[in-house]
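**Q** Next come the chains, spelled out residue by residue.
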Amino acid sequence: MIQAVFVGLLAWAQSSSNPIGWWLIREPLMAGFWVGLIYGKPMEGLIIGAAINVAFLGWNSTGGANPSDLYSAGLLGTAVAIQSNMSTEQAVVVAVSIGVIGNYAWILFMSINSMVPSIQDKYAEKGDVRGIMLMQALPSQAVVILVRGIPAFLAAFYGPTVIDGLLASVPAWGIAGFNTVGKVLPAVGVAMLLKYMARKDLLVFFGLGFAVSAYMGMNNLLFAALIGAAMGYIYISLQPKEVPAGMSEEDEI
Amino acid sequence: MAEKVETGVSLTSKDIEMATLRWWLMSHLSYNYQRMQAGGFASMIGPIIQKLYPDKPEEVIAGLKRHMMFFNTEPRWGAVIHGITIALEEQKAKGEDISEETIIDLKSSLMGPLAGIGDTISGALYKPVLLGICLGWASTGSFLGPLAFAIGMIGYDYTITRLSIRKGYQLGTTAVTTILEGGLFKKLTTFFSIMGLFVLGIMVCKFITVDIALQTVIAGKKIVFKELLDQIVPKALPLLLTIVSWRAIMKGHRVINVLLSLFAFALIGGALGIIK
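First to last, the sequence lines map onto chains H and Z. Throughout the first sequence, residue numbering follows the working numbering, covering 1 to 253 in sequence. Throughout the second sequence, residue numbering follows the working numbering, covering 254 to 529 in sequence.
Honestly, the hints are just simulated from the structure, not real lab data. Just so you know, not all the hints are guaranteed correct.
[Unchecked claim] List time: in silico DSSO-like cross-link candidates among lysine-lysine, alpha-carbon distance up to 27 Å: (1) Z:Lys440 <-> H:Lys200; (2) Z:Lys304 <-> H:Lys126; (3) H:Lys126 <-> Z:Lys318; (4) H:Lys122 <-> Z:Lys318; (5) Z:Lys504 <-> H:Lys200; (6) H:Lys195 <-> Z:Lys440; (7) Z:Lys420 <-> Z:Lys304.
This structure is a prediction, so every number in the text was calculated from the model and none was measured.
Next comes chain Z alone, as it looks inside the complex (with noise of 0.2 Å):
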């Protein structure tokens, strides 16, 4: 009676190509609070879970619905997990004694993590800092700025995708231990973040373009401020609102009061004329 569903079908390079490219393009189009990006994973692996089971409807069925599963990762550095799922239910067809609760929970599991390392990776590191510079040649003008930022994004997002959804394949259920353990992300995240943060403390003088407006005159002589300040610290003030910013998220304020606390900092202070 237990017969093994054996199918014996192998999935080929071009397979994995356009499951990349399904999930690339469709994973967050209907993005929702339900299930966040369970018919993106779906739609990704749907074709070849009915590749895999040409004459059994039922197993396609059970495929389609273990992927309609609430998921969420980052999508380029998460894809790690789609080749892994690719390779499992490859295997699965094949015979192998790998259940539907081993696919589901090695999903459930690893989308965290990788979503912790996407997301540090694309959202704290790379893109700031190629916005960074980016933005330092929009700013004067250039239409070097968009189209750099065009290249280097579309680039990166479609590189890592191919590449996560690949490695996870061949790697099969190693794959995240070795990225894990390999010590290799530790060395990016140093890496970048050194080179993120240098890249930050120019842009405090870069964008935060305000001074201090006050002057004086004291005994006949014109005092102004910030020519003074200029002279111990220049650009203490944007310095000091960075840090005082920072600060206030870390022990917990939400953004949006920091947000409005500078605002009014700002309109009262212009109104003034102490700042400008």
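Bound conformation, chain H alone (with noise of 0.2 Å):
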């Protein structure tokens, strides 16, 4: 009961859209490590976190085409699993369906505080900084907690015996599905990266990544970047200096 209540607190911080909450709970890492420090196992919080992470690795914050959603996904995701003992893959493919129904949180938040800013008009017609200030701190606060805050004390609380039913229900060969699908998905994340990064002129570099990792087994990820960064600086260093177009045009300034 109080470790569901502080996963609801832990919601609520993690959805009040500042640096703190983004950085410091939202991302499934570091969701899960306090989720885990919540029920005494934070290496094994961290650790379903950082899986549930690696299929969000594409999400991005400007909202529209992301299909499970980012918070739920692995505060809710890592409460539940480490409360019923799953798998990492099994944790994975839990936190993505709750992050599917997760969605309409984030779009009732949206939704709700858009009454704010008529309200802020009414302060700025009076010239009330303060109270501009105020409208853009403190209601939404209590929008978080209704929309995400509440359902994650809930989900917390009744959950693992809902998913520990199910699971119970799921023959054999249901739950070697299931294994499978936590592998998958990460293919999500990456491939939404790769929407977001492949540039036809630098995609031989995901080639060189995959090869060398494929065929020499290096996945050390540090390792990964100092190279690809040292491979980046050759690359520019070794370009012509470009004349921008239109720059000509800037003679008669």
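Put the two chains together into one complex; each comes in its own frame, and the hints tell you how they fit.
**A** Here is the structure:
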């Protein structure tokens, strides 16, 4: 009970829409760690959170095209998985499913908040800066508690029982399929990232990274980032100095 | 009659710092469909407007109203707009001939391009690379993962926001053209793209752990398909899944449909024992 309350509070802090919430709690990697701490298993939480996070690598905060909600997937996925002693693969599947429902929390947050600017307009009419700032900071916190905090508490409290019941009724081949889903879903995360990053002329570096890892088994990502940075530096250093189009028009200024 | 509103109040470095802090903490607090970050922008610039017009309440009201207009950008790199706007408001208060329309037009016309730049660098390049590295640590149970991510993101977020506002303020209206025409942005994105794509190639092998489970017995010999394939292209299945999903997204298929297709593929393939 107390633990579920903490999960609810965490859900509130996570979705309070400021850098502290974004970077210390929102990402499943971080949420997993905190939830693990609440349930006395920080390392398990961290590992589960990291596995969930991979499926969300391409998640973008500008909204719109996200298939599943990052906030609830990481937080509640870990909370449910850790209480039910799930494998990380199963946790990813549960998390992504939770996130599909969780998307509605985001839509609710943005919709209910849409009343705020109209109230802020009234304070602007009076020249009341403090009023604008208070309206900016306070009402939306109540919205977050309503659409995030309370549902998270309920999911953390009742979710494991429901999921346990579901799992118990699934046959062995179903569990095998379920586990495979968790190993495949990260492909969506990587594919979404590829969509943002891919430039035809630079795609060879993606192939190079894959080849190095596939054939040599190298999968230390910090090492990879360093090599990647070195290659990036060499690449831009070797490019001829360009004269940007439209530069000559500036002469008349 | 054409009396200029002149107060002569100058902003100090501290005013800019406080505006930065307000924006950094408050930009998205009441993020909404109606006007997105308008309330955040007004909260950022409100106290500055108040300071610029100490005995002109009607100017404060006009200022607050013009900054309650729809606004939405990437909050870090896009804060260049905030710096420029503060500079313009200061000059306007000192009697320069800057109309309200100029300020509104400038904000509206810059928020799109800067969101594009910011989302690319923050969302598609810096964060994924840092996240990839930290996930590598975290998946082995190392607390260095969350620690490095938290420091790396908070540090980046505040530093870029602060620099953007300062640069925007210093350079006034020329800020964005300087950044865009200096070729710096192109170089930065090329650099990050190379680094990101290389790391992404490795992530395919590291994080997509599905494999072929199929095996058969031909003429008394056990044939394990995975071993055969590994001799040609190891990790071919993760690569194939990534590329198929990527092409599908590029062709305009909705991500949720790609996700559900993969879900079904894995569920059926796993249940039948073809993949594991």
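**Q** Evaluate each hint against the coordinates.
**A** These are the hints, each one checked on the structure:
no. : hint                  : result
1   : Z:Lys440 <-> H:Lys200 : holds (16 Å)
2   : Z:Lys304 <-> H:Lys126 : holds (16 Å)
3   : H:Lys126 <-> Z:Lys318 : holds (10 Å)
4   : H:Lys122 <-> Z:Lys318 : holds (9 Å)
5   : Z:Lys504 <-> H:Lys200 : holds (15 Å)
6   : H:Lys195 <-> Z:Lys440 : holds (20 Å)
7   : Z:Lys420 <-> Z:Lys304 : holds (21 Å)
Hint compliance for this structure: no hint is broken.
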